[in-house]
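Visitor: For reference, the chains in residue letters:
4 protein chains.
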Amino acid sequence: MTVSPFDHPLLSGLLGDEEAARHFSVEADIAAMLIFERALAEAEAEEGVISRDAGVAIVKALAMFRPDTAKLRDGVAKDGVVVPELARQIKAAVGEPHGASVHFGATSQDVVDTSLVLRLRPAVEHISLLLSENVVRLTSLEEEFGSRALMAMTRMQPAIPMTVGDRIASWRSPLERHQQRLEEQSSRLFAVQFGGAAGTLEKLGDKAPAVRAALAAKLGLGDAPQWHSQRDALAEFAAWLSLVTGSLGKFGQDVALLAYGGTEIRLSGGGGSSAMPHKQNPVKAEALVALARFNATQLAGMHQALVHEQERSGAAWTLEWLILPQMVVATAAALRLSAELAGQIESLGR
Amino acid sequence: MTVSPFDHPLLSGLLGDEEAARHFSVEADIAAMLIFERALAEAEAEEGVISRDAGVAIVKALAMFRPDTAKLRDGVAKDGVVVPELARQIKAAVGEPHGASVHFGATSQDVVDTSLVLRLRPAVEHISLLLSENVVRLTSLEEEFGSRALMAMTRMQPAIPMTVGDRIASWRSPLERHQQRLEEQSSRLFAVQFGGAAGTLEKLGDKAPAVRAALAAKLGLGDAPQWHSQRDALAEFAAWLSLVTGSLGKFGQDVALLAYGGTEIRLSGGGGSSAMPHKQNPVKAEALVALARFNATQLAGMHQALVHEQERSGAAWTLEWLILPQMVVATAAALRLSAELAGQIESLGR
Amino acid sequence: MTVSPFDHPLLSGLLGDEEAARHFSVEADIAAMLIFERALAEAEAEEGVISRDAGVAIVKALAMFRPDTAKLRDGVAKDGVVVPELARQIKAAVGEPHGASVHFGATSQDVVDTSLVLRLRPAVEHISLLLSENVVRLTSLEEEFGSRALMAMTRMQPAIPMTVGDRIASWRSPLERHQQRLEEQSSRLFAVQFGGAAGTLEKLGDKAPAVRAALAAKLGLGDAPQWHSQRDALAEFAAWLSLVTGSLGKFGQDVALLAYGGTEIRLSGGGGSSAMPHKQNPVKAEALVALARFNATQLAGMHQALVHEQERSGAAWTLEWLILPQMVVATAAALRLSAELAGQIESLGR
Amino acid sequence: MTVSPFDHPLLSGLLGDEEAARHFSVEADIAAMLIFERALAEAEAEEGVISRDAGVAIVKALAMFRPDTAKLRDGVAKDGVVVPELARQIKAAVGEPHGASVHFGATSQDVVDTSLVLRLRPAVEHISLLLSENVVRLTSLEEEFGSRALMAMTRMQPAIPMTVGDRIASWRSPLERHQQRLEEQSSRLFAVQFGGAAGTLEKLGDKAPAVRAALAAKLGLGDAPQWHSQRDALAEFAAWLSLVTGSLGKFGQDVALLAYGGTEIRLSGGGGSSAMPHKQNPVKAEALVALARFNATQLAGMHQALVHEQERSGAAWTLEWLILPQMVVATAAALRLSAELAGQIESLGR
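Protein chains in written order, with my numbering: chain F, 28 to 377; chain S, 28 to 377; chain C, 28 to 377; chain Z, 28 to 377.
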């Protein structure tokens with residue numbers, strides 16, 4: 028046990044996913060924040076909000092910038108968010124006369140939320156690839172064993188014979204729908220957050236739309252009105268993550284029940300026991316159920332966070348931080364495990 | 028208090044919604060089940076699965092059929108689902124020689140799940156109308172007060188002035204996205220469930236696709252492969268319901284906080300107190316927060332139910348029954364309350 | 028399906044519990060509220076807060092009082108709580124000159140919360156009896172089959188042989204601990220709520236302690252300082268309910284898995300299928316799992332309601348109403364089902 | 028953001044607690060596991076289950092033992108639990124002829140669950156001290172400001188004046204009840220887990236009770252029958268943690284609302300904004316609300332894990348790992364923050 032198994036040196040071997048987790052490291056977060064500040068300076072310089080010299084100075088300083096992380100930690104403890112102290116450090120690094128042009132017109136939430144979206148994008152690409160891999164693996168299983176007989180089980184009792192293909196379809200079809208759902212929501216999810224202190228970009232005057240559009244373009248994100256107090260895209264995404272792990276949990280549960288019955292599945296590479304060397308435990312199948320129930324649990328918290336007071340709720344926003352990254356990693360881990368589990372199925376049906 | 032405020036004669040005055048709730052009455056459920064059995068008999072007669080005479084006899088008997096509800100209750104207690112006893116009663120009503128053609132090739136879950144979808148459809152139409160009404164009301168508010176000043180509040184502290192229109196946009200924009208989301212998921216949600224004992228329609232042979240298509244057409248539902256153990260469309264819909272109430276909860280919370288501060292909003296029709304006649308409580312605003320947190324809580328249960336074992340999980344299926352209808356009514360009630368609350372706003376901003 | 032299966036004429040046959048549910052009917056709620064108002068009038072008359080004549084007049088009027096429920100419903104819709112309108116009706120029934128002595132010094136929450144506690148008490152007695160019955164039933168099973176062999180299953184795989192008694196102990200021991208837990212928390216749960224408008228009983232002056240003590244004594248509840256914004260006893264009780272259903276869910280899951288394997292258990296009275304007459308479904312075992320997962324889900328909402336703003340949070344309070352009664356009935360239903368399920372076990376082990 | 032803010036170098040400055048978190052490090056976990064194995068060897072040697080020489084050899088080897096953590100990670104990935112590989116490494120370190128006496132009669136769950144309890148104990152002591160500190164701080168506040176006037180707020184509207192002491196009592200009283208609750212449940216929580224492969228200690232014969240008692244005594248834990256599939260003490264503890272954070276969330280919410288209104292509280296050390304230097308954000312108050320909602324959310328998952336199949340559910344057990352440590356750290360962090368927040372209150376009431 029550790030505070031989070033996703034960060035645990037040992038347990039993450041089972042429950043974690045390195046590729047997904049690395050997007051939530053402090054290094055990745057700060058790197059994305061600096062990318063935001065750089066793109067903002069460039070956009071504002073192009074649109075004449077800050078001077079070209081200021082833009083050049085900021086870009087140059089950011090290229091060399093290394094934050095003082097001890098002070099960042101103190102800053103979070105005091106301000107509840109890392110950006111005030113980070114912006115202060117960047118301004119100091121840029122120095123006079125251009126320091127005041129750093130982070131111009133932006134607020135903490137612009138940086139934190141856009142950094143999140145910038146990192147969710149590759150994490151989702153990774154998840155999407157894993158999802159496709161799962162579809163392929165299940166299709167392969169269907170090709171190999173699909174025509175064999177399998178006893179259909181309803182209410183945990185034998186019903187009538189069906190085929191292995193019937194069962195595999197119940198594992199694969201939801202995953203294909205999840206692919207479609209992801210496509211539908213992507214444009215809502217991958218949008219820049221840029222609103223300034225209260226969402227009005229009041230410091231940018233009539234140049235606000237152009238700066239935001241340029242910023243979004245530089246970041247490769249969609250241009251959209253600020254959503255700092257509208258968290259529906261994140262809550263929708265969390266539900267999607269839980270849909271994915273829920274479907275994989277069903278796969279895991281089914282495999283564990285097949286292994287429990289014993290004759291219709293043959294699995295390689297089961298887990299060992301410290302007390303009973305003869306055992307072959309369906310460890311990955313069980314982990315899929317655990318991760319499904321974990322994400323289903325977390326989802327409630329992400330939806331509680333929809334009640335986001337006024338222009339910025341520290342409480343609701345912080346609640347997202349406590350939950351969403353773990354849901355992402357749980358989903359990636361589940362997809363990795365399910366692909367591996369599909370690969371361990373040596374025989375299915377009879 | 029009662030077992031559920033949504034069914035409570037007094038509390039449903041605040042927390043319920045009659046139009047949504049009536050689709051979950053036992054009468055509505057049985058009526059939808061009989062519609063399924065009738066459409067099935069017609070479809071099977073047309074495709075030659077049962078005789079034309081049997082089809083006619085079943086349709087005729089169903090028109091006069093009145094169930095023995097005491098026996099249905101006993102049937103649920105014994106079988107965990109109403110259909111075995113209901114089908115027995117219908118068969119008895121049809122009598123010889125066509126009784127055996129009733130419910131032919133179908134199973135309990137086909138009837139129960141399709142009945143649910145048949146009733147969700149008008150409930151969702153109702154919700155969709157209420158959603159549009161909310162958008163209209165908020166647009167009206169914006170037209171009336173949008174250009175006034177409002178103090179932006181971040182982290183529950185005054186930030187900088189903005190306009191009332193800025194705030195209203197944060198209430199209305201999510202609702203417009205929810206409209207789009209509903210459209211995207213509708214085809215997944217409103218699909219017939221027809222699979223027979225194990226999802227394979229084994230009794231219908233090569234006529235299965237045609238019967239299912241005809242059944243779906245008669246019911247006005249989409250034709251799709253059975254989804255009896257794939258509950259993702261329902262879990263997705265539950266998340267949508269919670270997105271809607273979550274956004275309305277933010278509206279309610281914001282109104283309550285405006286009323287708390289006191290000078291930027293004027294509300295008519297606040298609730299009274301039994302101890303303090305001077306009070307004007309923002310009751311509907313509070314109820315919106317309660318319903319948002321309720322649905323967010325419930326959502327976890329609907330996603331736990333994704334771990335649906337094998338061809339039919341009595342446990343996971345029953346869990347849906349305990350949760351989903353309440354989420355639907357909570358959403359309708361929240362939309363009704365928020366439209367009313369918007370109508371109570373006599374002044375906003377300054 | 029209905030809004031809540033606990034209120035549903037058919038589904039409550041499986042999932043409901045009449046004895047527990049009747050304490051949450053509108054009749055029971057109003058009756059308990061009137062008991063509060065009567066006891067309050069008596070206590071206040073005894074302590075000289077209101078005149079003896081007023082006390083007599085109120086008691087007399089309450090004996091004949093029948094509320095106008097249509098107006099109560101409207102009152103809830105407007106005030107968010109039934110008491111202002113109910114108190115108005117009672118005052119009218121008492122008439123001049125004593126009407127103003129009705130509900131003197133009390134507020135809505137005093138009435139609603141104390142009514143809840145007054146009704147929880149018999150509901151908990153019922154639950155406690157059912158819990159004892161379950162312990163007895165499991166003890167009987169142990170006496171009958173305890174020495175037989177049973178294959179221990181770890182991670183859903185055969186481990187080593189043990190005895191039936193070993194398994195039954197894992198079902199019964201938690202129930203015995205739940206009995207102890209209930210005893211520990213009873214004095215916290217069964218306490219009167221009486222605080223007046225803001226919890227200070229400001230209208231009663233130095234007679235407040237004596238009135239509250241007398242009121243508590245008349246109601247058979249513990250005397251304790253007001254807890255209107257301190258909801259920990261209710262949240263603790265909700266956790267206890269979920270502990271009970273969770274333990275019963277394990278019993279249900281184990282029975283379903285035993286029945287799945289097939290040779291180590293023999294159950295009578297399994298549920299039938301509309302498609303497969305040969306089936307004997309472990310319906311009650313599955314319902315236990317569903318109710319366990321339901322209560323576990325709800326528990327999160329009761330704990331969200333701990334964040335109860337200031338002296339009275341309409342939002343948090345209403346959230347409790349939406350959740351707690353259902354948890355109580357779910358627990359009673361689960362206990363009823365588990366006792367029945369234990370009675371259906373005709374043979375266990377080998 | 029990171030996978031878990033509790034492990035995050037920056038965010039843990041606000042949301043973490045070092046003293047609590049260190050009990051969940053991999054080092055602390057392995058150290059506790061080795062303490063278990065050592066105490067087991069000693070107990071078994073004393074009772075003659077293994078030879079005295081074996082006991083001495085094991086104790087000696089453990090004193091020098093350093094695990095190969097890369098292999099432990101692989102072991103978790105394969106076996107779902109670290110113990111099989113850890114036991115293998117310890118046996119290799121002990122070598123012939125005593126290696127086979129290592130971990131004798133025990134199973135993975137004995138080691139993991141007892142290690143958890145061994146580490147929960149100091150974490151709970153830490154939490155208990157923080158809880159006492161909070162009671163003291165609130166008592167000091169009451170002594171300083173208790174007699175001042177404060178406007179009572181019900182349903183987020185001014186009600187009637189009361190005193191600051193009335194409000195502080197609503198913050199402090201629940202904490203005092205939580206102290207009592209902790210005492211009640213401690214004997215259930217701090218019990219050794221020792222059952223062997225299936226809970227029957229089958230390898231120890233009639234010496235099982237004596238070995239378990241000796242093991243418990245050496246570890247300073249209560250001696251109790253195995254509870255490997257009875258998770259009620261952990262679920263009860265999780266509910267306790269959520270009760271604590273829920274009460275603190277109410278404190279935080281109240282402080283944020285006081286600061287929102289503005290004249291009745293004066294706070295030092297508010298958080299700054301990157302866009303608005305004038306702001307003093309009640310960051311710690313908001314974090315308390317976030318942590319309360321986080322724990323309330325998690326609690327549902329811990330109660331889902333009560334449905335623990337048969338003698339060991341890999342799925343339910345793993346779900347606990349994903350949740351419980353974070354709840355412990357969230358609680359410690361909330362207690363630390365609330366004590367600090369109480370210390371920031373420079374003035375309360377008027």
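Just so you know, these hints were derived from the structure itself, not from any lab. Fair warning: this is a prediction, and the values are worked out from it, not measured in the lab. Be aware that a few hints might be false.
Where chains are identical, the list cannot tell them apart; a pair therefore holds if satisfied intra-copy or between any two copies.
Below, in silico cross-link-like pairs of lysine-lysine (DSS-like), each with a Cα-Cα straight-line distance of 25 Å or less [claimed, not checked]:
no., residue 1, residue 2
1, 105, 245
2, 245, 230
3, 245, 234
Visitor: Compare the structure with each hint and give your call.
Guide: These are the hints, each one checked on the structure:
{"no.": "1", "hint": "105 - 245", "in the structure": "neither (32 Å within a copy, 44 Å between copies)"}
{"no.": "2", "hint": "245 - 230", "in the structure": "within (21 Å within a copy, 59 Å between copies)"}
{"no.": "3", "hint": "245 - 234", "in the structure": "within (16 Å within a copy, 56 Å between copies)"}
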